[in-house]
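Fit chain B to the known structure of chain A by using the hints.
2 protein chains.
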Amino acid sequence: MARVTADISVSADGFSTGPNQREDAPFGDGVGEILHEWMFEHGADHREETAAILEAGAYVMGRNMFGPIRGLWTGDWQGWWGPEPPYHAPVFVLTHFPREPVVMAGGTTFHFVTDGIESAVSRAKEAAGDRDVSIAGGAETLNQVLSRRLLDVLRLHVVPLTLGLGGRTDVVRLFDGVPPLRFDPAHVRSTPHVTHITYEIR
Amino acid sequence: MARVTADISVSADGFSTGPNQREDAPFGDGVGEILHEWMFEHGADHREETAAILEAGAYVMGRNMFGPIRGLWTGDWQGWWGPEPPYHAPVFVLTHFPREPVVMAGGTTFHFVTDGIESAVSRAKEAAGDRDVSIAGGAETLNQVLSRRLLDVLRLHVVPLTLGLGGRTDVVRLFDGVPPLRFDPAHVRSTPHVTHITYEIR
Chain A
1 MARVTADISV SADGFSTGPN QREDAPFGDG VGEILHEWMF EHGADHREET AAILEAGAYV
61 MGRNMFGPIR GLWTGDWQGW WGPEPPYHAP VFVLTHFPRE PVVMAGGTTF HFVTDGIESA
121 VSRAKEAAGD RDVSIAGGAE TLNQVLSRRL LDVLRLHVVP LTLGLGGRTD VVRLFDGVPP
181 LRFDPAHVRS TPHVTHITYE IR
Chain B
1 MARVTADISV SADGFSTGPN QREDAPFGDG VGEILHEWMF EHGADHREET AAILEAGAYV
61 MGRNMFGPIR GLWTGDWQGW WGPEPPYHAP VFVLTHFPRE PVVMAGGTTF HFVTDGIESA
121 VSRAKEAAGD RDVSIAGGAE TLNQVLSRRL LDVLRLHVVP LTLGLGGRTD VVRLFDGVPP
181 LRFDPAHVRS TPHVTHITYE IR
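Those protein sequences? They're chains A and B, same order as listed. At position 36 of the first sequence the residue is numbered 36 (this note's numbering), and the sequence of numbers has no breaks. At position 194 of the second sequence the residue is numbered 194 (this note's numbering), and the sequence of numbers has no breaks.
Hints are not guaranteed to be accurate.
Unchecked claim - Stretch-level coverage of chain A by chain B, calculated; a stretch enters the list once three of its residues show a Cβ under 8 Å from a Cβ in chain B: (1) 10–16; (2) 150–164; (3) 173–184; (4) 195–201.
To be verified - Where chain A lies over chain B, by a calculated footprint (3+ residues, C-beta under 8 Å): (5) 5–15; (6) 163–177; (7) 195–202.
These aren't lab readings, by the way, just hints derived from the structure by calculation. Note that beta-carbon positions come from the ideal geometry of N, C-alpha and C, so glycine has one too.
This is chain A alone, in the form it adopts within the complex (with noise of 0.2 Å):
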């Protein structure tokens, strides 16, 4: 059957994002790209989870993901990623505000899913068929997820730094309000700019 997993990349401290995540600063105040550099700037030592993390057969993420907007759909705005977007698939974006699914280059559309986590995760699981639905973020929608116990694969990348923002009450840490789970660590590897978790959630 096809399992429900998750990429994301955190500091050592947890998050995912800064504080004011906004269209000049996707990532928030002060975060810039340092979370992604290891798939970026370092591509060639990691691209094993780098493919991993395209192929799945349908995408779920938080609105904060796809882009700045707040409130009721205004403008054009199609995602962060130009015109063809890396996920080749349907992608579930979720929100409170009802839009006409939009279509993008080389096979990614985005639906656009007002009723819940559930129901995207159970839409993108019709749409992926056999393959496997990815999670791909933000942190609040992973601890969504992992709440509702929709996840079968946690895939952590710990960028060996601190954020400073432990503590912080304005900003989502990943685990936030996520009950008492039990994991299996099935791989774990290190380079010197990222540490892949792997765990299967029991």
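Relative to the frame of chain A, chain B by itself:
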């Protein structure tokens, strides 16, 4: 030169204890020995890491790690470890309340330091000579040494589970209040029971 190292067993969500630590629940509500099973029940699989914890020439620990007594010292509490604690070295306990040193069998002496973490680390360095100083925990003490840049090496022992405390404000989480820091992942090793991550702090 001798280094300042630290070992701490934490859950995947970054906690080393739960709320309400007390004499009949040393690790707090609902935590028990679960973060230390790798060491005690599966010791043979983790000999090297366990041995490294006890190689230092002196230790620093927070008062909660030494015992459940708060406020003025009363009675004759001598730590959680019985007549011969495993440290076999001077241990500097952070407290706001002065107390005479407590000499235990096997070379462990508990010294009580009332003038703060820098003083405790400084005294431990002097006592350790050429050997390392180890910060024995808990999370609050570790956050202090990280925040004041007193630490050279952080050895995390990440147990593959969540305690379900993420987002709680009544329990200290590793890295709370710690500013931005850069690490080098010097060594990573995983077993079914724990993932060991050694960070050298830049």
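Okay, the hints, checked on the actual structure:
no. : hint    : in the structure
1   : 10–16   : holds (count 3)
2   : 150–164 : holds (count 6)
3   : 173–184 : holds (count 12)
4   : 195–201 : holds (count 3)
5   : 5–15    : holds (count 3)
6   : 163–177 : holds (count 10)
7   : 195–202 : holds (count 3)
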